[in-house]
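For reference, the chains in residue letters:
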Amino acid sequence: MTEAGRMTPLYTEHVALGARMVDFAGWQMPVQYAGIIEEHNAVRSAVGIFDVSHMGEFRVFGFDARESLQRIITNDLDRISTLGSALYTVMCDEDGGIIDDLIVYHTGDLEYLIVANAANRQTDWDWITAHLPETVEIADESDRTALIAVQGPGALAVIGELAGEGWTPPDRFEIGEATLDSVPVLVARTGYTGEDGVEVFCHASQAAAIWRTLLSFPEVTPCGLGARDTLRLEMGYPLYGSDMDRGVDPVSAGLGWVAPKAKSGYIGAEAIARVRAEGPERKLVGLAVSEGVPRHGYPVLHGGEEVGKVASGTFSPTLGHGIATAYVPVALADPGTGLEVGIRRKVASAVVTKPPFVKTTSLSALKS
Amino acid sequence: MYPKELKYDREHEWVRLEGDVATIGISDFAQDQLGEVVYVDLPSVGEAVSTGESFGEVESVKSVSELFSPISGEIVEVNEALEDAPETVNEDCYNAGWMIKVKVEDAAEVEALMDADDYEAYIAEEA
Chain A
11 MTEAGRMTPL
21 YTEHVALGAR
31 MVDFAGWQMP
41 VQYAGIIEEH
51 NAVRSAVGIF
61 DVSHMGEFRV
71 FGFDARESLQ
81 RIITNDLDRI
91 STLGSALYTV
101 MCDEDGGIID
111 DLIVYHTGDL
121 EYLIVANAAN
131 RQTDWDWITA
141 HLPETVEIAD
151 ESDRTALIAV
161 QGPGALAVIG
171 ELAGEGWTPP
181 DRFEIGEATL
191 DSVPVLVART
201 GYTGEDGVEV
211 FCHASQAAAI
221 WRTLLSFPEV
231 TPCGLGARDT
241 LRLEMGYPLY
251 GSDMDRGVDP
261 VSAGLGWVAP
271 KAKSGYIGAE
281 AIARVRAEGP
291 ERKLVGLAVS
301 EGVPRHGYPV
311 LHGGEEVGKV
321 ASGTFSPTLG
331 HGIATAYVPV
341 ALADPGTGLE
351 VGIRRKVASA
361 VVTKPPFVKT
371 TSLSALKS
Chain B
14 MYPKELKYDR
24 EHEWVRLEGD
34 VATIGISDFA
44 QDQLGEVVYV
54 DLPSVGEAVS
64 TGESFGEVES
74 VKSVSELFSP
84 ISGEIVEVNE
94 ALEDAPETVN
104 EDCYNAGWMI
114 KVKVEDAAEV
124 EALMDADDYE
134 AYIAEEA
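Going line by line, the protein sequences match chains A and B. Counting from 11, one number per residue, gives the positions in the first sequence under the numbering used here. Counting from 14, one number per residue, gives the positions in the second sequence under the numbering used here.
Be aware that one or more of the hints could be misleading.
[Claimed, not checked] Below, simulated DSBU-like cross-link-like pairs (lysine-lysine); rule was C-alpha separation at most 30 Å, straight line:
hint	chain 1	residue 1	chain 2	residue 2
1	A	356	B	116
2	A	356	A	271
3	A	377	A	356
4	A	356	B	114
5	A	377	A	273
6	A	369	A	271
[What the hints assert, rightly or not] To give an idea of the chain B side of the interface with chain A (calculated C-beta under 8 Å), a few residues:
hint	residue
7	48
8	51
9	72
10	75
If you are wondering where the hints come from, they were derived from the structure by calculation, not from laboratory data. Every residue gets a Cβ at the ideal spot worked out from N, C-alpha and C, and that includes glycine.
Just chain A, same shape as in the assembly (with noise of 0.2 Å):
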């Protein structure tokens, strides 16, 4: 696999839409069309659009799929023992450092559909690949499949009226088909930005069509990854290699909801289970920045000694001020305590928040 300027079939459709196009993760990918504040407004207000065809799909099937996935991710399976569910989870090496975060949906009796971060595809494959018996096949649909999400209050309604009347949208977290301008697909009730919406899985031939298609739409902004990432930031959600990595382990990383304590004889349980006992030395908590913008990488001191770095930072367009998620010691991690951050050459304060920084979006009131 050649990493250097991949395009994902909607590549032409994101030049012509004027769209500033940066590399990530060996892909060519728009990081904004008219502006990062614009898109995210557009998201939580309307309905956005993004391209995520670069992430990985990989189908799992076969008599042992359930029991040998069980043993790769940290997540238990039985919890998507229904057709059509999601499970959000990650995947630990032996010591419990986090080798990517996926979702996994049950798309059939005997298979399962796993998304992968584009930056980890490649290691995310060797490692699932040596890990399955025989028995069980895999399969790299990455190429073939494009992923479009469409996200926002609106999401749905724009979804519906494309699918057609009869069709009933899948549940928060599950996948159903659809068949979206004469296309058929599969549509998902997932996302990262924190509002209702679903992505899209279509064959890599018909994303232009689907794409213009909602674009038709007056409500739809196209959608680069520079709102991408303020949006999931505004909800607290981790991005892999800024809020964890290999040298992070689930509990600390406050992932410890995917692995769950009834479940043992996964790949890292023994590792896990020992930073449970022991208690994490440091956790990943959200931080509210009063001043400037907060990066990856700045310094976080509590009475002037550095604590800690920042893992993900931006400006939150919704709340008009920094927030960011960084590493500190377990007794700086609770809510409400003052830390600062080192902005160059300026210090900030900050304030330990638990996330979501944005509490009020089309998502929360629909699990309310």
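Following the hints, position chain B against chain A.
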């Protein structure tokens, strides 16, 4: 996009000299490259700036850029309105979006900067 009466430096600042006071801001090219500006960090009145040295920072959602002074002198005014309305830099970079006013030591420094045509050619080459 690049007013003829202004001078420009290679770091994409513009300078408007009136008497011995130079007003400094960032060019249309710079504000476009940055994207939506969310913070402008400026020095205080009375501080000295030196040619080529950083006098502040301008921050967009995705990136941060240092502001380099095209000239030397003493700061006589800063645009405090940018603290509450940093987006002015995007909306009106040559007028309301100005950043500092400097009492220049040597007017020849301003003369030596690029004019609009040279600056446009410089951008075309750089981009």
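Evaluation of the provided hints:
For a cut-off of 30 Å, the pair hint linking residue 356(A) to residue 116(B) stands: about 26 Å separates their Cα positions. For the given pair, residue 356(A) sits about 43 Å from residue 271(A) by alpha-carbon distance, which is inconsistent with the 30 Å threshold. Restraint check: the Cα-Cα separation between residue 377(A) and residue 356(A) comes to about 40 Å, which exceeds 30 Å; the hinted pair is violated. As the CA atoms of residue 356(A) and residue 114(B) are separated by approximately 23 Å, the hinted pair is consistent with the 30 Å bound.
The suggested pairing of residue 377(A) with residue 273(A) holds, with an alpha-carbon distance near 26 Å, which does not exceed 30 Å. Proximity of residue 369(A) to residue 271(A) is assessed by CA-CA distance (about 28 Å); at most 30 Å being required, the pair is judged to hold. The interface hint given for residue 48(B) is met, as the beta carbon of that residue sits about 6 Å from the closest beta carbon of chain A, less than 8 Å. Interface restraint check: residue 51(B) against chain A, minimum CB-CB distance 4 Å, threshold 8 Å, status holds.
Annotation: residue 72(B) was flagged as interfacial toward chain A, and the flag holds, the nearest CB pair being 5 Å apart, inside 8 Å. A least Cβ separation of about 5 Å between residue 75(B) and chain A falls short of the 8 Å threshold, and the interface hint therefore holds.
Consistency with the previously given hints fails for numbers 2, 3, ordered from lowest to highest.
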